[in-house]
Amino acid sequence: MIRFVGFALGRAWQGFWRNVVMSVAATGTMVLMLLLLSGFWIVQTGLIAGLEFVEQKVQVVADLNDATTAERAAQLVARTAALPEVARVTYVSREEALQRFRDARAAQGEEDLTPYLGSNPLHASLEVTLRNPGQFGQVLEVLRAEPDVIRVKDIQDLVERVLTVTSMLRTAGAVVLVIVGLIVLFIIVNTIRLAVVARAEEIEIMRLVGASDAFIRWPFVFEGALVGLFGAGITLAILFGASEPLARFMFDFFRVLPFRVESIARDVSLLVVGTGVGLGVLGSWLSVRTYLLR
Amino acid sequence: MIRFVGFALGRAWQGFWRNVVMSVAATGTMVLMLLLLSGFWIVQTGLIAGLEFVEQKVQVVADLNDATTAERAAQLVARTAALPEVARVTYVSREEALQRFRDARAAQGEEDLTPYLGSNPLHASLEVTLRNPGQFGQVLEVLRAEPDVIRVKDIQDLVERVLTVTSMLRTAGAVVLVIVGLIVLFIIVNTIRLAVVARAEEIEIMRLVGASDAFIRWPFVFEGALVGLFGAGITLAILFGASEPLARFMFDFFRVLPFRVESIARDVSLLVVGTGVGLGVLGSWLSVRTYLLR
Amino acid sequence: MRGLLTGRAGARVRRPPDNTVLVLRDVTKEYANGKQALRDVDLVIPEGDFVFLVGPSGAGKSTLMKLIIRDELASHGEVFLDGEDLARVPRRQVPRIRRKIGTVFQDFKLLPSKTVRENVAFALEVTGTPRRQVGPAVDRVLALVGLSAQASQTPAQLSGGERQRTAIARALVHDPRIIIADEPTGNLDPLISWEIIQLLLRINELGVTVLMATHDADVVTALRKRVVALEDGRVIRDEVGGAYHRED
Amino acid sequence: MRGLLTGRAGARVRRPPDNTVLVLRDVTKEYANGKQALRDVDLVIPEGDFVFLVGPSGAGKSTLMKLIIRDELASHGEVFLDGEDLARVPRRQVPRIRRKIGTVFQDFKLLPSKTVRENVAFALEVTGTPRRQVGPAVDRVLALVGLSAQASQTPAQLSGGERQRTAIARALVHDPRIIIADEPTGNLDPLISWEIIQLLLRINELGVTVLMATHDADVVTALRKRVVALEDGRVIRDEVGGAYHRED
Ligand SMILES: Nc1ncnc2c1ncn2[C@@H]1O[C@H](COP(=O)(O)OP(=O)(O)OP(=O)(O)O)[C@@H](O)[C@H]1O
Ligand SMILES: Nc1ncnc2c1ncn2[C@@H]1O[C@H](COP(=O)(O)OP(=O)(O)OP(=O)(O)O)[C@@H](O)[C@H]1O
Ligand SMILES: [Mg+2]
Ligand SMILES: [Mg+2]
Chain W
1 MIRFVGFALG
11 RAWQGFWRNV
21 VMSVAATGTM
31 VLMLLLLSGF
41 WIVQTGLIAG
51 LEFVEQKVQV
61 VADLNDATTA
71 ERAAQLVART
81 AALPEVARVT
91 YVSREEALQR
101 FRDARAAQGE
111 EDLTPYLGSN
121 PLHASLEVTL
131 RNPGQFGQVL
141 EVLRAEPDVI
151 RVKDIQDLVE
161 RVLTVTSMLR
171 TAGAVVLVIV
181 GLIVLFIIVN
191 TIRLAVVARA
201 EEIEIMRLVG
211 ASDAFIRWPF
221 VFEGALVGLF
231 GAGITLAILF
241 GASEPLARFM
251 FDFFRVLPFR
261 VESIARDVSL
271 LVVGTGVGLG
281 VLGSWLSVRT
291 YLLR
Chain L
1 MIRFVGFALG
11 RAWQGFWRNV
21 VMSVAATGTM
31 VLMLLLLSGF
41 WIVQTGLIAG
51 LEFVEQKVQV
61 VADLNDATTA
71 ERAAQLVART
81 AALPEVARVT
91 YVSREEALQR
101 FRDARAAQGE
111 EDLTPYLGSN
121 PLHASLEVTL
131 RNPGQFGQVL
141 EVLRAEPDVI
151 RVKDIQDLVE
161 RVLTVTSMLR
171 TAGAVVLVIV
181 GLIVLFIIVN
191 TIRLAVVARA
201 EEIEIMRLVG
211 ASDAFIRWPF
221 VFEGALVGLF
231 GAGITLAILF
241 GASEPLARFM
251 FDFFRVLPFR
261 VESIARDVSL
271 LVVGTGVGLG
281 VLGSWLSVRT
291 YLLR
Chain B
1 MRGLLTGRAG
11 ARVRRPPDNT
21 VLVLRDVTKE
31 YANGKQALRD
41 VDLVIPEGDF
51 VFLVGPSGAG
61 KSTLMKLIIR
71 DELASHGEVF
81 LDGEDLARVP
91 RRQVPRIRRK
101 IGTVFQDFKL
111 LPSKTVRENV
121 AFALEVTGTP
131 RRQVGPAVDR
141 VLALVGLSAQ
151 ASQTPAQLSG
161 GERQRTAIAR
171 ALVHDPRIII
181 ADEPTGNLDP
191 LISWEIIQLL
201 LRINELGVTV
211 LMATHDADVV
221 TALRKRVVAL
231 EDGRVIRDEV
241 GGAYHRED
Chain C
1 MRGLLTGRAG
11 ARVRRPPDNT
21 VLVLRDVTKE
31 YANGKQALRD
41 VDLVIPEGDF
51 VFLVGPSGAG
61 KSTLMKLIIR
71 DELASHGEVF
81 LDGEDLARVP
91 RRQVPRIRRK
101 IGTVFQDFKL
111 LPSKTVRENV
121 AFALEVTGTP
131 RRQVGPAVDR
141 VLALVGLSAQ
151 ASQTPAQLSG
161 GERQRTAIAR
171 ALVHDPRIII
181 ADEPTGNLDP
191 LISWEIIQLL
201 LRINELGVTV
211 LMATHDADVV
221 TALRKRVVAL
231 EDGRVIRDEV
241 GGAYHRED
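Protein chains in written order, with this note's numbering: chain W, 1 to 294; chain L, 1 to 294; chain B, 1 to 248; chain C, 1 to 248.
Just chain W, same shape as in the assembly:
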């Protein structure tokens, strides 16, 4: 068994170097396709992270009666925060609300309207961030039932729009990723098949001198794995070489990184190596099969 594996590995290694043009072509194709796939995967991951970030921005806002005491407000905050659907509750006082209004006008470059207001017309409010923006209904009901709450902003429309957009983007991302995956599959299997076809004569001779199917198949399968491994290695080297400048670019661009580079490094490595080796093996297996089935 060990001898067999040793033999197959040795032959695979030989085969790889004997036919350098083919091997380089196959490995090059592998690298480009893995770059494509991992590029899309990274974009897709970033997109999902970004969408979650957007979804977290959906808040239920409840205006409070101006007569609510600080103590009762604090109790209300605690009660609301205890609800299972709620992630976080922030209390905004009347003064803070006015200051925010002032700041918002200023940020838009508009004139400050507060001098024209006789008194502070704004209410104190609770800003409730949900664990899942789809579950706003129950929270809404509970808040409406509170005696101190005079009004809960209706976010039905906003939530629906955000959720439609994010789910659309998620679907589109997944669809594109699957399509790219299929392209990668086809191209790599195809390339390896062409490389195997070029060695049909060798397989023919092996059959005729009495080599068993395993002895014919496994060297090719290992050679495919080798192409996958080399391809994956080069791809990862390129990706990590490019990750630093790319991360900086993305940071400049979005002002915030949707994900930490280190956190996806492991996933990307697994994806690239797994896909590379897997497709290399699959491609060889399928290609050699054609010649054995006779």
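The set of hints was computed from the structure by calculation and includes no laboratory data. We put the CB at the ideal spot given by N, CA and C, even for glycine. Among the hints, a few may not be true.
[Said to hold, decoys possible] Some chain C residues close to chain B (C-beta under 8 angstroms, calculated; not the full set):
#, residue
1, P56
2, A151
3, Q153
4, G161
5, E183
6, D189
7, P190
8, L191
[Said to hold, decoys possible] As a list, the in silico EDC-like pairs of lysine to aspartate or glutamate whose alpha-carbon atoms are at most 20 angstroms apart:
#, chain 1, residue 1, chain 2, residue 2
9, B, K225, B, E47
10, C, K114, L, E204
11, C, K100, L, D66
Starting from the known structure of chain W, fit chains L, B and C with the ligands onto it as the hints suggest.
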């Protein structure tokens, strides 16, 4: 000459069908790569259109003295509209401004503040849309010099941010398109090379029976062109089959189509056919060269 | 000889003479295009025989050999190799059968990218021979066919005769039970032809059955071995001690 | 014969006998690995000659033929074909030279995916022969070598002899000035061998020069044509009316 072309075409056609596995593999690769390329090109075109749309939204807003008469305001509008940098000027009266404020609060689900305002504190204003958002400086100066203008909103920061983002996106789009183009080039040339390598024996025999280089090369070149042509045809069929549902999807998504399908159809067709045939020819030419240079 | 080739000690004990290596019973081979290459062929080859297969071009000699290595299946009738009905041997067992046969193909079937040594070693390696046994076995057969000096040349760098000898070396290296040689001296000069024949005779004397298709009338007539003559797919003559041409 | 092959009327006027087709002057061929396959070879073949090239395996016969079709270049000395120094012929002109030569390769060099007819037609098509002349010319040479019935089989469906004859047909179809045949009867049975030789003789009688490497002692000795013997890369004998072996 005509006989030669006829011969080469005939041999190319034969070669294509004689080696169906190879040809189908090469054509399939061609289709996928062209789909990838044209997909990216379409996204890039949409992106550029979308960015122009965003840039058009940048406006210079000038608040007017409350004492400005309707007649003087109209003159001012006419004068501003006559400036070469200006695309369009809109006059917003004080009442309109108040109504807009009210609408904006309502749209955000916030309480209407207008009842608390003693009188209308807002000014009438001119909204000036520029031909090119980078040229806001001169317009700003002209407006500031007008006696009726009391304040021009400073948009320097906004303009800079929008322009940075759009130029970044344009660069990123172009870079990605070039990278994808290189991938497509490599993969297709590579695939065709593998297909030619598999026919090294045929080329060897042609050389030995005294075929001139042209007779060896052109059938392969035409065969490459054939692969390109078939690939381009299939790609276009897929694209046009998918364009209708895709356009609907995009419309649902963006609420507006960044470009008309018909307007890019010609460009896409040219891109796909040109790339397909061009790369097919290039791939064959380069691959056969290796065998002739001996 | 078998021991000599693989380095194993001791010659193999000869089986009783009624032991047959190869039996063809009423075999007909019709190709997909309708060509009947063999018709009603009956042939029994006992272990240790040396058989010349003669006949004009297209008579069916190579077809018969393809049936023996199960590269083709008989359309009708049965082929037994070493007691096993080849039509009944499951596909997985075919390699085991082929390893009992050393085949010299008419068109050499050498790998152009491998050297002579590698081409010969190839046949051992791909059938799972331990690495340390491969080297000595290859060296021995190369010396036997006189190619030690060319061991590291590729087929393109060999003369036609040297290629033929490489193919023979590959067939021998496997220490086979029967050697099937399809015109092994076709491209050799008379001297080397005779050397190869002597070699096959020596191998035969050590108990390996030899079936050799040939057009070399001198050799066949001189050796007076068993001669099976095919014509148009039929066995028209099968005599022990025969000549290349009919002698009556 | 030339007219017969291409359908052109009228036999070609023979050039004066001092007109030489092939001249080798002091030719040495050393391969990249240092092997000297030819040493100081001088050879003059006048138009219309029929020359047997004999010698043991590895003597350099195929190497000499490779020099003639300019598949290899001489390391030293000059090779003139039809008056042109092959070392001086620019690369673009090589195909024109090769079309003057009909070559039968030792390993056939047939395309496995093409039928016999297509393999023969291939040589005409790829050198720009008008389509309507290809069909008749191919039919004629196929009839000549006796392969009309197998015209639509692929090489894999042919016997070894039939493959050899296909290769000969392809060499003839081109209506060449000189035919170079590297062991064209190596795998043929004696009967067909003689037919092929007769064919080459007839072609030769019509003015086409023939250079044929062979190991077939019977044929060489029987015909008493000019014999050039190589050994170890040197011409050791060059006699008109010679036998396969030295006769003194
Ligand atoms: N490309 C090459 N590189 C190195 N050596 C070569 C090459 N081709 C041939 N040789 C060597 O040159 C010598 C002559 O070879 P050649 O093929 O000319 O012999 P030959 O006379 O045709 O023999 P045969 O009768 O067996 O065909 C041989 O020893 C061979 O090994
Ligand atoms: N795969 C095939 N399909 C169809 N016909 C075939 C096939 N293989 C061989 N034949 C035909 O069968 C006949 C016998 O062929 P075979 O190769 O057995 O002859 P042979 O006796 O070996 O001849 P040679 O001495 O020329 O090698 C020939 O007429 C050949 O055309
Ligand atoms: Mg045969
Ligand atoms: Mg030779």
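Here is how each hint holds up against the structure:
At about 5 angstroms, the closest approach between the beta carbon of P56 (chain C) and any beta carbon in chain B falls short of 8 angstroms, and the interface hint on this residue holds. The closest approach between the C-beta of A151 (chain C) and any C-beta of chain B is roughly 12 angstroms, which is over the 8 angstroms cut-off, so the hint fails. Residue-level restraint check for Q153 (chain C) holds (minimum Cβ-Cβ distance to chain B is 7 angstroms; threshold 8 angstroms). Here the hint on G161 (chain C) is kept, as its CB sits about 3 angstroms from the closest CB of chain B, short of 8 angstroms.
Annotation: E183 (chain C) was flagged as interfacial toward chain B, and the flag holds, the nearest CB pair being 5 angstroms apart, inside 8 angstroms. Nearest Cβ of chain B to the Cβ of D189 (chain C): about 4 angstroms, under the 8 angstroms cut. The hint holds. Here the hint on P190 (chain C) is kept, as its CB sits about 6 angstroms from the closest CB of chain B, short of 8 angstroms. A least Cβ separation of about 6 angstroms between L191 (chain C) and chain B falls short of the 8 angstroms threshold, and the interface hint therefore holds.
Note on K225 (chain B) and E47 (chain B): the hinted pairing holds, with a Cα-Cα distance of about 14 angstroms set against a maximum of 20 angstroms. Straight-line distance between C-alpha atoms of K114 (chain C) and E204 (chain L) comes to about 15 angstroms, which keeps the hinted pair within the 20 angstroms bound. Between the alpha carbons of K100 (chain C) and D66 (chain L) the distance comes to roughly 102 angstroms, so the proposed pair goes past 20 angstroms and is violated.
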